[in-house]
Amino acid sequence: MAELNLVEAVNHALAYEMANDESVLLLGEDIGVNGGVFRATNGLQARFGCERVIDTPLAEGAIAGVAVGMAAMGLKPVAEIQFTGFIYPTIDQMINHASRLRNRTRGRLTCPMVLRSPYGAGIHAPEHHSESPEAIFAHMPGLRVVIPSSPARAYGLLLAAMRDPDPVVFLEPTRLYRLFKQAVADDGESLPLDACFLSREGKDVTLVAWGAMMQETLAAADALEQEGVDAEVIDVATIKPLDVETILRSVEKTGRCVIIHEAPRTAGFGAEIAAEIAERALFSLLAPVKRVAAYDVVVPLSRLERQYIPSVDRIVEAVRSAMEGS
Amino acid sequence: MGIHTSVDPETDTVRFLSPEGALCRPIPSSIGDELLVMLYRAMTRTRIFDGKAVALQRTGQLGTFASALGQEAVGVGAAAAMQARDVLAPSYRDHGAQFLRGMTMAECLLYWGGDERGSDFAGPRLDFPNCVPVATQIAHAVGAAYAFKLRREDRVVLTFIGDGGTSNGGFYEALNMAGVWKTPAVIVINNNGWAISTPCARECAAASLAQKSVAVGIEGRQVDGNDVVAVYDTVRQAIEKARAGQGPTLIEALTYRLGDHTTADDATRYRDPELVRREWTREPIARLRAYLTRKGAWSQHKEDALQRECLEEVGQAVNAYLGAQPADCNAMFDHLYAALPASYSYQRDMARRFSPRNGGGHG
Ligand SMILES: Cc1ncc(C[n+]2csc(CCOP(=O)(O)OP(=O)(O)O)c2C)c(N)n1
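Just so you know, the protein sequences line up as chains P and R, in that order.
Last residue of the first sequence? That's 326 in UniProt numbering, and every number before it is there in order.
Last residue of the second sequence? That's 363 in UniProt numbering, and every number before it is there in order.
Derived from the structure by calculation, the hints contain no laboratory data.
Bear in mind the structure is a predicted one, so any value in this text is a computation, not a measurement.
Among the clues, some could well be false.
[What the hints assert, rightly or not] If the Cβ cut is set under 10 Å, some of the chain R residues that face chain P in the computed set are: (1) Lys-52; (2) Gly-114; (3) Asn-130; (4) Asn-168; (5) Asp-266; (6) Phe-333.
[What the hints assert, rightly or not] Subject to a maximum C-alpha distance of 25 Å in a straight line, what follows is the list of computed SDA-like cross-link-like pairs (lysine to any residue): (7) R/Lys-52 x P/Lys-181; (8) P/Lys-181 x R/Ala-264; (9) R/Lys-52 x P/His-124; (10) P/Lys-181 x R/Asp-265.
The C-beta atom is built at its ideal place from N, Cα and C for all residues, glycine as well.
Start from the sequences and build out the full structure, keeping to the hints where you can.
Below is the structure:
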């Protein structure tokens, strides 16, 4: 089994699916000769040709829009948006068309496209290269929003996204692209969408996170272990639709929950999870549900970004206060 | 004939200086040697700054940086044609123009070094900050120009966009409004041949980008963007026209990006080095130097002095940048709203508590 980092895992998943399904094609800015600015599509144009790996003009709205058109006509486009700060022009197409085509045509036309983008802060990138807009897409009925947290999950979830009959927004934590390697069997096995992963079992508190924040969350779980707190960690993976059952089961077991995300706190996806728990598991709770999120500020330029991203210390403190709550 | 119906790159490209620095046609008498020397100095200053900024990035002292190497004539020529009271709406590679407007080198370094204070220009207080989302600045320029027109102010807005940026919907939408409203805006396309790895021909199938003006009913011009005289003179005319209430102009300046797209890019992956070598024979600084030297308006002695002067200025800017006290975590909150809403105090307190300065954990 090859040891891959996350961006290589993305590359392998794309290559696997292109080799096995002729309808899959890639489009985006600089994804061809250059292999993408993060090299996610490295070598794919040389292997599959310019007609299936398309360097597009610099026009995000049209990238998403032509993907809708391609998908409706039986192709499976995987569109790359170079950085999430530039994903906002696609929202018109994703919200007004990709997410609704099936519903609008009563299933006559569908939109099996994937919109991929590197996402999140932590790599000292310029302005608009570090945002976390998952909640915006999650709010839209008809879309799937998937965020991997490791190379193996990136590989399996991206394959699933490409095979899914509906539009998927696939956000790849840039901070994890090259952070660590993992053994990934390039065997075409997908992982389930719409399902949380139990990343660590524990009995005292449930930590819920996704994407790059799984790093700090798992580190916090290790630190808490030293203090005698046994944390269970859930990787949400598919933000929308949310596998709330797995989260509720865990919270019913532990009685405590801390939700961690890198997007700003207000109207972040953590609020949704907290609301589900409040509605459906309130009487299992031994302490109020806590959120550890980025502050409600513009992602700062690089000098302050480490103070923006929720730290292990912040998570540990939130868990301590949850532990006191009984 | 009113508006141009097409721009033919073969015949309509404005140029005064050939790549060898010979005169292709007479330089307007309004452009004296003093002005040419000023333009030369400004381009040299920009190039020396760029070299230093790239070196700082390579040694881990600066974040990602977008150099203007080879394109100095576009920013310098255009900004030199502006008045102080005009407004610049730059993209992210226009520090050549911004320096002439009064943005300091230290501010530029601060910005690329990851500190928002770099966009709080001490000099051009009304100029827009760098605009990173491609093509969104054109609408700002048109809106700003509308404000000037509405208030009958004698001001013009100048904005830059790259060749890749003209593929973006935002470019067309704003250009169209500029045409309908006849706003005093000058839109300069900095056509350096590349949008990261995408060559201009993969961005657009038209014979020129200046032609994009035709569909929106405004005048389009194409200039040799490595000839600072051509850029200056064409932009000056467009600014005068805009100031006289005769509406916007789209100017395509043909230049070449001699460096990587940014320090995060490696142009050897997609670009033939032979082409780059050829483009080095057309670059704007040597071209003007050859002309000025032949005229006796420039000399090796002056060149040496200028190099020293620029190196010293850049050195001082680097010291100011490196010596700047880092902002503390309050900076994330200070300028979010005019007054920080009361509900934020909890978050700001938490940020302070977890700030390394206050003994908190890393971040
Ligand atoms: C809307 C948007 N999409 C993508 C990017 C990422 N990006 C930064 S620069 C660039 C290429 C721009 O090329 P061009 O407009 O020709 O200007 P140049 O950089 O060559 O000066 C891209 C794709 C961006 N900044 N904004």
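The hints, checked one at a time:
Because the beta carbon of R/Lys-52 sits about 19 Å from the nearest beta carbon in chain P, more than 10 Å, this interface hint is broken. With a least beta-carbon distance of about 3 Å to chain P, the hint placing R/Gly-114 at the interface is held under the 10 Å criterion. Checking R/Asn-130 against chain P: minimum C-beta separation of about 8 Å stays under 10 Å; hint holds. With its C-beta approaching chain P no nearer than about 5 Å, R/Asn-168 sits inside the 10 Å limit, and its interface hint holds.
Contact between R/Asp-266 and chain P, as hinted, is supported at the beta carbon level, the nearest pair being about 9 Å apart and thus within 10 Å. The interface hint given for R/Phe-333 holds, since its Cβ lies 6 Å from the closest Cβ of chain P, which is under the 10 Å cut-off. Simply put, R/Lys-52 and P/Lys-181 have alpha-carbon atoms about 35 Å apart, too far for the 25 Å limit, and the pair is violated. Distance restraint check for P/Lys-181 and R/Ala-264: the Cα-Cα separation of roughly 22 Å lies within the 25 Å cut-off, and the hinted pair is therefore satisfied.
Restraint check for R/Lys-52 and P/His-124: satisfied, since their Cα atoms lie roughly 20 Å apart, inside the 25 Å limit. Our distance criterion of 25 Å between C-alpha atoms is met by P/Lys-181 and R/Asp-265, whose separation comes to about 24 Å.
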